[in-house]
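Asker: Sequence:
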Amino acid sequence: MKIRNIAIIILYNSQKKILLQHRSEDAERFPGLWGCFGGGIEDGETPLEAARRETKEELGYLLSKPNLILTEEFKGKHHDGTRHFFVEEYNPAQKLVLGEGQNMMWLSFAEARKLKLSGIAREILDHIEDNEIWKK
Numbered sequence: 001m002k003i004r005n006i007a008i009i010i011l012y013n014s015q016k017k018i019l020l021q022h023r024s025e026d027a028e029r030f031p032g033l034w035g036c037f038g039g040g041i042e043d044g045e046t047p048l049e050a051a052r053r054e055t056k057e058e059l060g061y062l063l064s065k066p067n068l069i070l071t072e073e074f075k076g077k078h079h080d081g082t083r084h085f086f087v088e089e090y091n092p093a094q095k096l097v098l099g100e101g102q103n104m105m106w107l108s109f110a111e112a113r114k115l116k117l118s119g120i121a122r123e124i125l126d127h128i129e130d131n132e133i134w135k136k
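Okay, so the sequence shown: first residue is 1 according to UniProt numbering, each after it adds one.
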């Protein structure tokens, strides 16, 4: 089985809503579903470097202090690997520019759960909703 390690970033705003991506209908992975921003870790790149690069490519956003909240091994349909999940509070001084997907939206956990989510997005919502970030 092919190995593909990934870095995922979850931005949240001051209302504790998270930013999700509506993937393109022709996307290679999870077409038409809602999911998190992020992607594959390139050779020689750390998970943090990948999270920074992917966020810049997909949102035009520069991460300042991403917090690694979860690292887990996974077995997928097309590949296995390790997923690294980062969170950061959104800095509204930076404009978001959608560079991948058909839409993006700030959503509460309840709103997000009503969408057609990728499996990864659903799993991470279950995990991060219990994180202390949202209990402050």
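These are calculated hints, taken from the structure and not from any lab test. For clarity, every value in this text was computed on a predicted model and none was experimentally measured. Even for Gly, the Cβ is constructed at its ideal location relative to N, Cα and C. Take the hints with a grain of salt, since some may be wrong.
Said to hold, decoys possible - Derived pair list, reagent style DSS-like, types lysine-lysine, alpha-carbon separation capped at 27 Å:
{"hint": "1", "residue 1": "LYS17", "residue 2": "LYS95"}
{"hint": "2", "residue 1": "LYS2", "residue 2": "LYS75"}
{"hint": "3", "residue 1": "LYS114", "residue 2": "LYS77"}
{"hint": "4", "residue 1": "LYS75", "residue 2": "LYS116"}
{"hint": "5", "residue 1": "LYS95", "residue 2": "LYS2"}
{"hint": "6", "residue 1": "LYS17", "residue 2": "LYS114"}
{"hint": "7", "residue 1": "LYS116", "residue 2": "LYS77"}
{"hint": "8", "residue 1": "LYS116", "residue 2": "LYS56"}
{"hint": "9", "residue 1": "LYS2", "residue 2": "LYS65"}
{"hint": "10", "residue 1": "LYS65", "residue 2": "LYS95"}
{"hint": "11", "residue 1": "LYS114", "residue 2": "LYS75"}
{"hint": "12", "residue 1": "LYS95", "residue 2": "LYS16"}
{"hint": "13", "residue 1": "LYS56", "residue 2": "LYS16"}
{"hint": "14", "residue 1": "LYS16", "residue 2": "LYS75"}
{"hint": "15", "residue 1": "LYS77", "residue 2": "LYS16"}
{"hint": "16", "residue 1": "LYS65", "residue 2": "LYS17"}
Unchecked claim - What follows is a list of derived Cβ distance ranges for each label pair:
{"hint": "17", "residue 1": "GLN94", "residue 2": "LEU68", "range": "17 to 25 Å"}
{"hint": "18", "residue 1": "ILE69", "residue 2": "GLY119", "range": "31 to 39 Å"}
{"hint": "19", "residue 1": "LEU98", "residue 2": "SER64", "range": "18 to 26 Å"}
{"hint": "20", "residue 1": "ASP80", "residue 2": "SER108", "range": "27 to 35 Å"}
{"hint": "21", "residue 1": "ILE3", "residue 2": "GLU25", "range": "35 to 43 Å"}
Asker: Now tell me, hint by hint, if it's right for this structure.
Answerer: Each hint, compared with the structure:
A C-alpha spacing of about 17 Å is found between LYS17 and LYS95, which places the hinted pair at or below 27 Å, so the restraint holds. Our distance criterion of 27 Å between C-alpha atoms is met by LYS2 and LYS75, whose separation comes to about 10 Å. Proximity of LYS114 to LYS77 is assessed by CA-CA distance (about 24 Å); at most 27 Å being required, the pair is judged to hold. Distance check on the hinted pair: LYS75 and LYS116 sit about 21 Å apart at the alpha-carbon level, within 27 Å; holds.
Of the pairs offered as hints, the one joining LYS95 and LYS2 is violated, with about 36 Å between alpha carbons and a cut-off of 27 Å exceeded. Among the hinted pairs, LYS17 with LYS114 is consistent with the structure: their alpha-carbon atoms are about 14 Å apart, no more than 27 Å. For the given pair, LYS116 sits about 19 Å from LYS77 by alpha-carbon distance, which is consistent with the 27 Å threshold. Annotation: proposed proximity of LYS116 to LYS56 holds, straight-line Cα distance about 25 Å (limit 27 Å).
Restraint check for LYS2 and LYS65: the C-alpha separation of about 31 Å exceeds 27 Å, so the hint is violated. With a C-alpha separation of about 17 Å, the suggested pair LYS65 and LYS95 falls inside the 27 Å cut-off, and the hint holds. Restraint check for LYS114 and LYS75: satisfied, since their Cα atoms lie roughly 26 Å apart, inside the 27 Å limit. Between LYS95 and LYS16, the direct Cα distance comes to roughly 18 Å. Compliance with the 27 Å bound is thereby established for this hinted pair.
Annotation: proposed proximity of LYS56 to LYS16 holds, straight-line Cα distance about 22 Å (limit 27 Å). Under the criterion of a C-alpha separation no larger than 27 Å, the hint pairing LYS16 with LYS75 is inconsistent with the structure, at around 30 Å. A C-alpha spacing of about 32 Å is found between LYS77 and LYS16, which places the hinted pair above 27 Å, so the restraint is violated. Between LYS65 and LYS17, the direct Cα distance comes to roughly 18 Å. Compliance with the 27 Å bound is thereby established for this hinted pair.
Checked against the given bound of 17 to 25 Å, the beta carbons of GLN94 and LEU68, roughly 21 Å apart, stay inside it. Between ILE69 and GLY119 the CB atoms are about 18 Å apart, so this pair departs from the stated range of 31 to 39 Å. For the hinted restraint 18 to 26 Å between LEU98 and SER64, the CB-CB distance of approximately 20 Å keeps it satisfied. Distance hint check for ASP80 and SER108: the Cβ-Cβ separation is about 32 Å, which falls inside the suggested range of 27 to 35 Å.
One distance hint, 35 to 43 Å for the beta-carbon pair ILE3 and GLU25, is violated here, with the actual separation near 28 Å.
The structure is inconsistent with the numbered hints 5, 9, 14, 15, 18 and 21, although it conforms to all the rest.
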